[in-house]
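**Q** What follows is the residue order along each chain.
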Amino acid sequence: MDFSVILCILPKGKTDEFRFRRHNGKNHEHTNKLERDKMYDYHIHMATERYQQTGWAEDSYAQPTNRYQDFHGALQCMYEDANFILLPNGQIALI
Amino acid sequence: MPPDTIIQDFKRKVCEEIRLEPEGIDRYRVFTPFMFQDGDHLAIVLRHNNGKWVLADEGHTYMHLTYEIDEAAFQRGTRQEVISNALDAFQVNDQDGELLMRIEEGRYGDALFSFIQALIKISDVTYLSRVRVQSTFMEDFDSLMTQTIPANRRTFNWRDAQNDPEGKYLVDCKLNGMEKPIYIFALPNDDKVRDVTIALLNFERWGHKYRSLAIFEDQESVSRKVLSRFSDVCEKQFSSLGANRERITKFIEEAIV
Numbered sequence: 000m001d002f003s004v005i006l007c008i009l010p011k012g013k014t015d016e017f018r019f020r021r022h023n024g025k026n027h028e029h030t031n032k033l034e035r036d037k038m039y040d041y042h043i044h045m046a047t048e049r050y051q052q053t054g055w056a057e058d059s060y061a062q063p064t065n066r067y068q069d070f071h072g073a074l075q076c077m078y079e080d081a082n083f084i085l086l087p088n089g090q091i092a093l094i
Numbered sequence: 000m001p002p003d004t005i006i007q008d009f010k011r012k013v014c015e016e017i018r019l020e021p022e023g024i025d026r027y028r029v030f031t032p033f034m035f036q037d038g039d040h041l042a043i044v045l046r047h048n049n050g051k052w053v054l055a056d057e058g059h060t061y062m063h064l065t066y067e068i069d070e071a072a073f074q075r076g077t078r079q080e081v082i083s084n085a086l087d088a089f090q091v092n093d094q095d096g097e098l099l100m101r102i103e104e105g106r107y108g109d110a111l112f113s114f115i116q117a118l119i120k121i122s123d124v125t126y127l128s129r130v131r132v133q134s135t136f137m138e139d140f141d142s143l144m145t146q147t148i149p150a151n152r153r154t155f156n157w158r159d160a161q162n163d164p165e166g167k168y169l170v171d172c173k174l175n176g177m178e179k180p181i182y183i184f185a186l187p188n189d190d191k192v193r194d195v196t197i198a199l200l201n202f203e204r205w206g207h208k209y210r211s212l213a214i215f216e217d218q219e220s221v222s223r224k225v226l227s228r229f230s231d232v233c234e235k236q237f238s239s240l241g242a243n244r245e246r247i248t249k250f251i252e253e254a255i256v
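Taken in order, these protein sequences are the chains called A and B.
Under numbering that gives the first Met the number 0, the first sequence has 62 at position 63, and the numbering climbs by one with no breaks.
Under numbering that gives the first Met the number 0, the second sequence has 137 at position 138, and the numbering climbs by one with no breaks.
Hints are supplied without guarantee of correctness; some may be wrong.
Stated by the list, open to error - Covered, in the sense of this in silico footprint (three residues per stretch, anywhere, with C-beta under 8 Å from a C-beta of chain B), are these stretches of chain A:
1. 1-9
2. 17-23
3. 27-41
4. 47-61
Said to hold, decoys possible - Straight line, CA to CA, 30 Å or less: simulated BS3-like cross-link-like pairs of lysine-lysine:
5. A:Lys37 - B:Lys167
6. B:Lys167 - B:Lys120
7. A:Lys13 - B:Lys120
Think of the hints as simulated: they come from the structure by calculation, not from any bench.
Idealized CB from N, CA, C, for every residue including glycine.
Construct the complete structure from the given sequences, taking the supplied hints into account.
**A** Below, the structure written as structure tokens:
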């Protein structure tokens with residue numbers, strides 16, 4: 000229930016990552032401060048210009064989702080949303 | 000608006016925003032209006048543990064911190080101090096990364112408010128983070144080695160091909176051409192220091208004949224335990240590159256001769 004799958008980049012020359020997208024679990028509520036709507040569900044944070052302009056974290060805006068219910072589902076969802084191309088046999092086997 | 004009405008409004012609003020929802024046997028999720036900077040609310044459960052009711056964050060607060068800060072960074076220095084002080088001030092326990100508060104004498108409300116204050120105070124360590132320009136230490140190290148050591152006497156990212164074909168234990172720059180080559184390492188952080196400690200122990204185990212030289216980005220920023228283990232296996236160390244450029248150059252030039 001408590002997990003986070005994050006897509007971010009480390010801008011060249013900087014030490015802080017910029018988070019594009021964050022797929023969270025359902026163990027806490029979320030409130031979009033600008034829109035003033037609250038949710039208690041699996042939710043996806045995404046980077047927006049308006050939240051950055053207010054000085055809040057770039058990924059403060061989130062939408063509820065029913066597309067996943069665990070970490071693996073959230074990861075799969077990220078692959079789809081961010082157009083990952085998975086290489087065949089990309090993972091090195093543990094044994 | 001009369002003060003009594005204001006108080007009524009305060010109480011009503013606070014009561015509305017705090018609620019419990021059952022999540023199984025002797026376990027409730029606690030909903031509050033308090034949130035992190037990104038709009039995620041604090042994650043709090045009330046559960047029964049070994050005959051006592053406890054409030055717990057189930058590791059969420061630290062996980063949330065890692066969105067902004069590397070985990071190692073909030074385990075030392077000013078951030079670690081802020082976290083320790085918050086835990087002590089509000090009598091919250093850190094049990095393997097889970098923050099816990101036992102409810103004593105039926106004082107659920109007091110415990111909740113103290114717990115919330117502790118979690119918020121801990122989450123404030125993110126404001127100690129600064130966006131910094133990335134260090135140029137590794138580039139500076141490469142540049143110094145290139146300027147100081149002739150090309151035919153140096154190898155960057157050297158590995159022992161026989162014992163370490165996969166290159167798990169790299170030497171940042173190997174100075175060769177002597178009876179005992181010098182393995183030179185650039186050390187920007189604790190992790191690299193640990194890795195090099197392991198590498199040097201392996202070189203000893205494999206019977207290498209060598210001398211070792213370490214150049215820290217900032218030796219004072221390395222944790223004491225990590226540094227003490229490293230000092231047992233590394234022969235010569237310079238605490239920083241910038242302030243010791245001439246000494247490092249002199250050391251290497253004398254070794255080359």
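**Q** Cut-off 8 Å, C-beta pairs, minimum 3 residues; does the coverage of the segment 17-23 of chain A by chain B stand?
**A** Since three or more residues must qualify, the claim that chain B covers the segment 17-23 of chain A holds, with 3 doing so at under 8 Å.
**Q** Are three or more residues of the segment 27-41 of chain A within 8 Å, CB to CB, of chain B?
**A** holds (count 7)
**Q** Would the hint linking B:Lys167 and B:Lys120 be met if the CA-CA limit is 30 Å?
**A** 41 Å, violated
**Q** Is the straight-line distance between the alpha-carbon of A:Lys13 and that of B:Lys120 30 Å or less?
**A** This hinted pair holds, its Cα atoms lying about 26 Å apart.
**Q** Between the segment 1-9 of chain A and chain B, are there enough contacts, at least three residues with CB-CB distance under 8 Å, for the coverage claim to hold?
**A** Coverage by chain B holds for the segment 1-9 of chain A (3 residues, Cβ < 8 Å).
**Q** Verify this for me: three or more residues of the segment 47-61 of chain A with a beta carbon less than 8 Å from a beta carbon of chain B.
**A** Coverage by chain B holds for the segment 47-61 of chain A (6 residues, Cβ < 8 Å).
**Q** Keeping to a limit of 30 Å between CA atoms, is the pair of A:Lys37 and B:Lys167 held or broken?
**A** Not OK: A:Lys37 and B:Lys167 at ~48 Å, beyond 30 Å, violated.
In the structure shown, a violation is registered for the earlier hints numbered 5, 6, in ascending order.
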